[in-house]
Structure formats: structure tokens, C-alpha cells
Amino acid sequence: MATEATKRLTDIGPPHYEKFLPPIIKRNYGKWLYHERLAPGVMCHVAESGEKLYTVRAGSPRLLSVHTIRKIADLADKYCNGYVRFTSRNNIEFLLEDPSKIEDLKKDLQALGFPVGGTNNAISNVVHTQGWVHCHSAATDASGLVKSVMDALYERFTHEDLPAKLRLAVACCLNMCGAVHCSDIAILGVHRRPPRILHDLLPKVCEIPTVVASCPTGAIRARTVDGKQTVEVIEQQCMYCGNCYTVCPAMPLNNPQTDGVSIWVGGKVSNARSKPRFSKLAIPYLPNNPPRWPEVVEAVVKIVDVYAKHARKYERMGEWIDRIGWPRFFELTGIPFTRYHIDDFKHAGLTYNRSTHLKF
Amino acid sequence: MADEKISTPLLDELEKGPWPSFVREIKSAAQTSPMARDLLGQLELSYEEKVGHWKHGGIVGVRGYGGGVIGRYSDVPEKFPNVAHFHTLRVNQPAGWFYTSQALRTLCDIWERHGSGLTNMHGSTGDIIFLGTKTDELEPTFSELTQAGFDLGGSGSDMRTPSACVGPARCEWACYDTLKLCYDITMEYQDELHRPAFPYKFKIKCAGCPNDCVASIARADLSIIGIWKDDIQQDDEAVAEYVANGLDIQADVVERCPTRCMQWDGKKLTINNRDCVRCMHCINVMPKALRPGKERGAVLLLGAKAPIIQGAILSSVLIPFVPEEELFDTVKELLSRVWEFWDEYGMNRERVGELIQRVGMANFLDAIGLDPVPEMVSHPRDNPYVFYKVDEEQSEQ
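In order, the protein sequence lines correspond to chains A and B. Residues in the first sequence are numbered consecutively from 1172, following my numbering. Residues in the second sequence are numbered consecutively from 9, following my numbering.
Just so you know, the hints here were simulated from the structure itself, not pulled from any lab data. Quantities reported herein were computed from a predicted structural model and do not represent experimental measurements. A virtual CB, placed ideally from N, CA and C, is assigned to each residue, including glycine. Treat the hints loosely; a few may be bogus.
[As the list claims (entries may be wrong)] Covered, in the sense of this in silico footprint (three residues per stretch, anywhere, with C-beta under 8 Å from a C-beta of chain A), are these stretches of chain B:
1. 172-179
2. 268-282
3. 303-317
[To be verified] Every beta carbon over 12 Å from chain B, so not counted as near; a handful from chain A, in silico:
4. G1201
5. D1269
6. Q1400
7. V1404
8. K1480
9. L1503
10. G1505
11. T1509
Whole structure, please, built from the sequences with the hints as guidance.
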């Protein structure tokens, strides 16, 4: 605990990463030669020195209690001389020098409920946002969706049997705190009604010019209601982005009847083979149906299964669709193509098929 | 504090099934934390009503900082008084997310004393997330964190916490030291990180190679992606070994190459490196046989963001190659020019990528003093509406 005599520290920055690097990494830093896959979730990196580092990757729910983190620390002590790391997709990685300990570590992870996998042509862990656990603008819950979907896709995490890697992400509104816009499959919470305007509250808590300027389509205008300076929303112009709500708490747009989930496919961030690209709309709306969102789970599993069956080796979701074309994607998945699939925001025309390239 | 056990039939459903359960985590924390107990109750209510119960944030923080804390209040505080305030602290993660068990336990002890005992390892931007505490606990938590060598990350209109892939710590493809650059940038800009003074957020991500494991091209205003300039390093014996072990090199490597820059004659792989776009596919398939070249550095790309406000943008090339040894200085110089222009001309809540689209890339390049190069575009413009500058020749006419 800080004592009164302790100077208040600020702007010290994070601890230097070198403090947390295992000795084998310090010895071979920047001198790794190649790596091999040993099993799902298990990799071996070989250094120029000939030293070998074994990584065991386990999925986590991202939301972790301190009690569980202490158990992770115990495993790091038991198997890795106290070193452990996390990945950019909420996996936990244990770094071992002795391969004979791998199986025991896997058993201990299994006992704690952490699946080993998420490497190579598997589904890695899901990048996701806070949802109802901690966010004010969530159109759905994120953790519950992830749990429900990954229960159904568990074997796709623990096995490397997909044509290529598959990256799933969940964001609970269009703010997209997770990088869902470039995922093989993205689950995105959507609002579908304009914000309510709390005219009594708005003049007290919002700056009207800021609110007006916040709207990407210019749908918000200043207006006087019952002598109060407030705003109105031209509802036909509203596409429910929630940006006004971000700057003005008096314009909530959560709606339990109409909020729900959309599904997007075919995005990627890696430059491998094809360029990075956005995910495209597959399903404009599915209902919020907690606790297990069966419609969403069914749709995602269906898309994964169809992809797994039809894509060629090394084809990511988007690359597979490039080859077969979108009409065939909708045909194979049984997803209806609707007016909502045709873009009508800026530069929408670039997405029209301006050719006679058609498959029948 | 509500002593009675909270009934959560809906959330209980999410303890079933093989994937690790976040509900189990909240219940685990609830054994010792009244806040976690009330979080569980409020979340069950959200599951019943299909709507969130968090109010819009308020301005809370630690003394002298404007970022690092996300204010959060319950809209049903009478039912769940222990989450009436439930603010989040963003704690700047060590580069590459490496820890010792001792450091993890220190963080756990601090958070158990002062907050809900719930965390995210990690948040979307990369920070350690301490999920939920009361306003009065913010300063004591911060004090203990700094004594333990940790500091807060970014939030609001500031430089957000930079993050980095595992880089040279465990990856043979790292074309520069991502951990070092991430750390150096973080330390250089502590003021920009902690005290929001920009038009909006600014994210920086360091990826060691074009596989981009930190999604920098999709998520970072400044994406620093490792790349090499010379030829792919090739080990013919190892190529033969992959083939002998069953790799269909023609189908899985040669025909997957986006520029068709390689040939396999049944014995030898020949790469026309002039045509290679450094996509990483062949290297990913045969890591023992092919490696990035030796002349390494990074490409600097600018402008990525999620949809809010004017639509999502991917970062685009600004400087095609910076040698590793010049990287930190080049990034600093670039940031000073970009931030100066953005400070001057960016509108409130306008990301730098949106500003570039509004004023035009050419004007932006003029402003930051960069010459246009063809690597910046996928092709030259295809419309003739050119804003010709009035030059001396035209004025004379």
C-alpha cells in the first residue's frame, strides 16, 4: 500500500517488456529460424542457436476473475518458470522449454476448463466487446453470443480441419470496439429504430450544435419543443448508428423489441494471398434471443459448415466467395438475398456488378 | 450489500457447454465481491429484458489524467447498489502481453482490494481491463498500480494505448522489433496518452509482418507493418523436405501466389522476387524453407477506423519502406506533422482517416510535406475532375 510518504507517481508508462520475457526468449530474441505445428494449439519455434521453445495455446472467455488469473499464474509457475503471455485474440499462451511437460499441462488446462487449440486452420478465439456486461450503447450482449457460438463450434477450435484459418468477432453495436469489420464471420449488434429524444433532459446535458454535427446523414436539426431548445430527428434519414447517443445521453436508442444481430462474412486483415478487406453483409437481422441466441448460432454454424465443405485448401472465407461468387454463396447457405444487402451509403455504386460476369 | 443469493436462471444456462464460461468467472468473483454479485444480478435483468442497464458514461478519472478511466453508472442502482458506480480502468499492458506469474498476482491483489475482481485479459485495444469499481476507489487503485510499476492506458480523444504483436520475442517473421517500437512510442507520448487533446482517438499498432496479427491495418490510425525489401531467403533442401513430406507445392504454393511469381519444375522452386508483393503465403506454408529477406523495416500506413462516423476505412500506404534503424525517428517525425495538421483542421470527433477523405490525400500530403508515390494508390484516378493548381505558367497566360 502507498504510504503518506510515498511520492505520487504519474506518467511512468507500462513496465518494460523485458522484465517479463522468459530467459530462453531473451537468449534467442530476434533469432528465431522457423516454427513447426505439433498438434492443434501446440507449436515449436526453433532458434538459430538450436534451442526450441514450445507454445501451448488455450482459449479463454476474456472476462476473467482474479481467482482464475491466479490459477493461470500457478500453471505458469508449475510448467513455465512463471512466464505466460496472452495473444491479440484473448488466448493464453504457455511457453515451455521441456516438451515432456506438454501433455501434463494440457491435462491441467482441460481440468480448468480451458480448451487447447486455436492455431493454424482452426477457429481462433473470438475478439469481442463488452455488451450488456459493461456498455451503455450495446444492442446485444457480446459474451453470451461468444459463449453460445463457441460451444457449438468447440471442435473447430480444438481441431485444425478447416480449409484455412477462420476469424470470428462480435461487436455489440456499430461502434465496433472489436475489429469485426474485417473478420471471416462477424456478428454485429444492430439498432433498428431512431433514437428517442428526451426533450426535458436534452437541453441540460447536451450541446445542440455537437448533436446536430454528430449525424453522418444530417438527420438531426435544432428545434424548440415546449419552449425548450432541443433537437428533432428526420426519421427517414436515420440509419441507427448511435453516434448522436455517443455525444448526447438524452437520445437513447436501445429497444428490446427491435434490437438484434446482423451477420457479416468474408473479411480479413492478413495480406496473405489477397488484400485485407471488409466483411460483407450476409444476414441483415436476427432477433436477440438470450440466453443462447439459437438463430445466430444456427446461422453461424451453417456458414462455417458450408465453407468447410466447399472451400479449397488455403481459401479464406472471402477468397472462397471470390471464386464461387455471391449468388452461389447465398444459394449454398440458404440465406435469402434482400434489399438490405444492396449498399445505399456513400460510394454504394462501387459495389454494383458493372459487368456481364454472371454464373448460371 | 445484498446477502441473499441472486437467482440467475438465464445466465446459468451459459455455464453449460464446453467453451469456458464468462458467467462462471463472474460467479467466481462474486464469491468475494459484492460488486460482482450485483453485476450478475443486473446482467440477469438485461437477459430477461433484452436491454442493457448501463447509463451513458460520466467524467471520472484520476488526478491529472483525462484518460484511462471509463465512467459507468447503473440505471437501476436501487436494485443493484454495489454497481451504482462501476467504472473501468484501462491499465497499459506490457508490450506483447508477456507477464510473470508474480506480476499477474500483483495485479490481481490490487484489483481484489479496490474493485470487482473482474478483468478483461485484454480489451480490444490491448489494455488490461479492470472491470468495475466505485469513484472513491479510482485514486487508490491508481496509486497502488504505479507503485507496482503499472500505469493507465488511453481513452477518449487521446493517443490510445499502442499495442504490438509477439514480434522478435517468438516469431521468425518479425521484420522489426515490434515490442521495442511499441514501448518507445508509448513512453515518448505519455502526455498524449493520458491527457486527451486531439480531435478524437488515435490508435497505433505495431505488426511485425504482413500477416498483421494485431489487425493494425483495420484498427490503427497509424499501422506500422513489418516488411522486407530484398529477396525471400530460400533454403532449397528444406523446400525438398516439405515436398518429400507430402506438400503439393504446385497447388498449395505456386498457384496460390497472387502475382504468380514462382515456378516449380519438379526439383527446384524459382522465385521472381521483382514480382513478389510480400503477401507471406508461401512463407506461411513453408516456414522452414522460406523466410523474409534480410533488408528489413516497415511500411507506414495511415487512417484505419471502424464505421463511426463516416464509415469504416482501412489504412493506406503513406511511406512504403522505412529501414528498421530509422523507424522510431521516422514515426516521431511523421506523427508530429500528422498531429499538427489534424489538430488544426480536424473537426470534433473526426478521425485522421476521415479528415484525409474530406480534404483529399493530395492536400494532406502537401500539408505534411510528403511527396506522392504510386505505392500510395491501387491505381491513379479514373475521373477527370482534377483540381489543377494555378502555377506560374497558367498565371502568365
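Evaluated hints:
no. : hint    : verdict
1   : 172-179 : holds (count 6)
2   : 268-282 : violated (count 0)
3   : 303-317 : holds (count 4)
4   : G1201   : violated (4 Å)
5   : D1269   : holds (17 Å)
6   : Q1400   : holds (19 Å)
7   : V1404   : holds (16 Å)
8   : K1480   : holds (19 Å)
9   : L1503   : holds (22 Å)
10  : G1505   : holds (25 Å)
11  : T1509   : holds (20 Å)
Comparing the model with each numbered hint stated earlier shows that hints 2, 4 do not hold.
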